[in-house]
Amino acid sequence: QKEVEQDPGPLSVPEGAIVSLNCTYSNSAFQYFMWYRQYSRKGPELLMYTYSSGNKEDGRFTAQVDKSSKYISLFIRDSQPSDSATYLCAMSAGYGQNFVFGPGTRLSVLP
Amino acid sequence: DAGVTQSPTHLIKTRGQQVTLRCSPISGHKSVSWYQQVLGQGPQFIFQYYEKEERGRGNFPDRFSARQFPNYSSELNVNALLLGDSALYLCASSLVGSSTDTQYFGPGTRLTVL
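Protein chains in written order, with the numbering used here: chain A, 1 to 111; chain B, 1 to 114.
Possibly wrong hints are sitting among the right ones.
Claimed, not checked - Calculated pairs, BS3-like style, for lysine-lysine (alpha carbon to alpha carbon, straight line, at most 25 Å):
#1 A/Lys-42 - B/Lys-30
#2 A/Lys-56 - A/Lys-70
#3 B/Lys-13 - A/Lys-42
#4 A/Lys-67 - A/Lys-56
What the hints assert, rightly or not - Take a look, some chain A residues computed to stay more than 10 Å from chain B by CB distance:
#5 Leu-11
#6 Val-13
#7 Ser-20
#8 Asn-55
#9 Glu-57
#10 Thr-62
#11 Gln-64
#12 Asp-66
#13 Lys-70
#14 Phe-75
Please keep in mind that the hints were generated in silico from the structure rather than gathered at the bench. In this text, a Cβ means the ideal position worked out from N, Cα and C, and glycines have one as well.
So that you can see chain B by itself, here it is in the shape it has in the complex (with noise of 0.2 Å):
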């Protein structure tokens, strides 16, 4: 079975530009995560959904929102990108997203902004 697949790998951006990065949860789950990973520190919760619906958000701004279709698949957009934003963005799904849910991460995606 595929695991979590995430698009693209790596982008680079420059500051004010707007972003959107894709993912594609396990055959089956219904539940989607995204965390932002700065390098050498631990991700860092932004969005949770589950059925389309948000369930969760992070301390993070106005300028990053998330959806969820109706084949569970992801979008995380971050819009006025920060020299700040640069990080691997990571996405994970589960069954039906309680605590008690195993998580399953994606490669994540490398934002670059210059």
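Same shape as in the complex, but just chain A (with noise of 0.2 Å):
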């Protein structure tokens, strides 16, 4: 069992669409938890950065974290083509950087 597993993918969804991408993971010493955005030929980019259980809201962007269920989330609302990327989420023992990446959802929004 991988570390960090995520939706494959990829996902298309239309213009306008709330979208839900997930992953679970199996380290229960995760408590710090990221979502990155990476478009093609391009390195991720932070979104959201979450600390322990709970949720965090960011304009169309809501990160949900649920460490009972080693569960967390992503949302977008109202989502946009400019939206279509690749999305990672990363997770941290709290070890320096030592960032664990999921393989990513590709998703595609469709005007």
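Since each chain sits alone in its own frame, please combine them into the complex, following the hints.
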């Protein structure tokens, strides 16, 4: 079993849809959780950062962490074609920046 | 302000050769991390350096080495290249390299090993 698993996609949605992206993990020591967006031929860009369980909202993006279920989610409201990218979850047990990334979900938002 | 820069952009090598990849962090950032991203997968942590000292190392063989210079730029060296080393190599910088510190990624160096 991989340490971090993610819905592989690809995922195609119409413009304006609500998108749900999910990751599960096995290491109960993880306490820092991040979502990155990666456009083709670019490096990942940090979208959301959460610590421990709970919800965090930033504009059209909401991140949820459920440590009891070892499950994290990213919701995108009113999705736009510019949201088309690969979304990576990442997590850390708190030792420097040894982040463990999921394999990524490729999202296409169709106009 | 300039972001994280990496050179070269692309590189083609043959098996058994050695390669050096370079990274310049954002001005004021003292920590640099290196990741390997194989096509279709997420980045995998290789090294983290802070103030020229190795702070963390991922599960990579000794053929991989790195260093950080006094100006906080960094080099990643890979010896005795294997076909499986073909990947996008990403450099990320942050202010002090803690887990709560935002990492900013460069565009990567795409290495192809033939």
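10 Å Cβ clearance of A/Gln-64 from chain B: holds (19 Å)
task: Evaluate the condition: distance from the CB of A/Lys-70 to the nearest CB of chain B exceeds 10 Å.
output: holds (17 Å)
task: With 10 Å as the threshold, tell me whether A/Asn-55 passes as away from chain B on beta-carbon distances.
output: holds (18 Å)
task: Verify the proposed pairing of A/Lys-67 with A/Lys-56, using a straight-line Cα cut of 25 Å.
output: Judged against 25 Å, a Cα distance of about 14 Å means the pair holds.
message: Beyond 10 Å on every Cβ pair: is that true for A/Phe-75 relative to chain B?
response: holds (20 Å)
Minimum Cβ-Cβ distance from A/Glu-57 to chain B exceeds 10 Å: holds (18 Å)
task: Would you check the hint for A/Lys-42 and B/Lys-30, treating anything up to 25 Å between C-alpha atoms as holding?
output: holds (22 Å)
task: Would you assess whether A/Asp-66, listed as outside the interface, keeps its beta-carbon beyond 10 Å of every beta-carbon in chain B?
output: The claim stands: A/Asp-66 keeps its Cβ more than 10 Å from every Cβ of chain B (closest is about 20 Å).
Nearest-CB test (10 Å) between chain B and A/Thr-62: Per Cβ check, A/Thr-62 is outside 10 Å of chain B; nearest 19 Å; holds.
- prompt: Keeping to a limit of 25 Å between CA atoms, is the pair of A/Lys-56 and A/Lys-70 held or broken?
  reply: holds (17 Å)
- prompt: With d taken as the least Cβ-Cβ distance between A/Val-13 and chain B, does d exceed 10 Å?
  reply: holds (21 Å)
- request: Would you assess whether A/Leu-11, listed as outside the interface, keeps its beta-carbon beyond 10 Å of every beta-carbon in chain B?
  value: Holds, since 15 Å exceeds 10 Å.
When the structure is compared with the earlier hints, no violation turns up for any of them.
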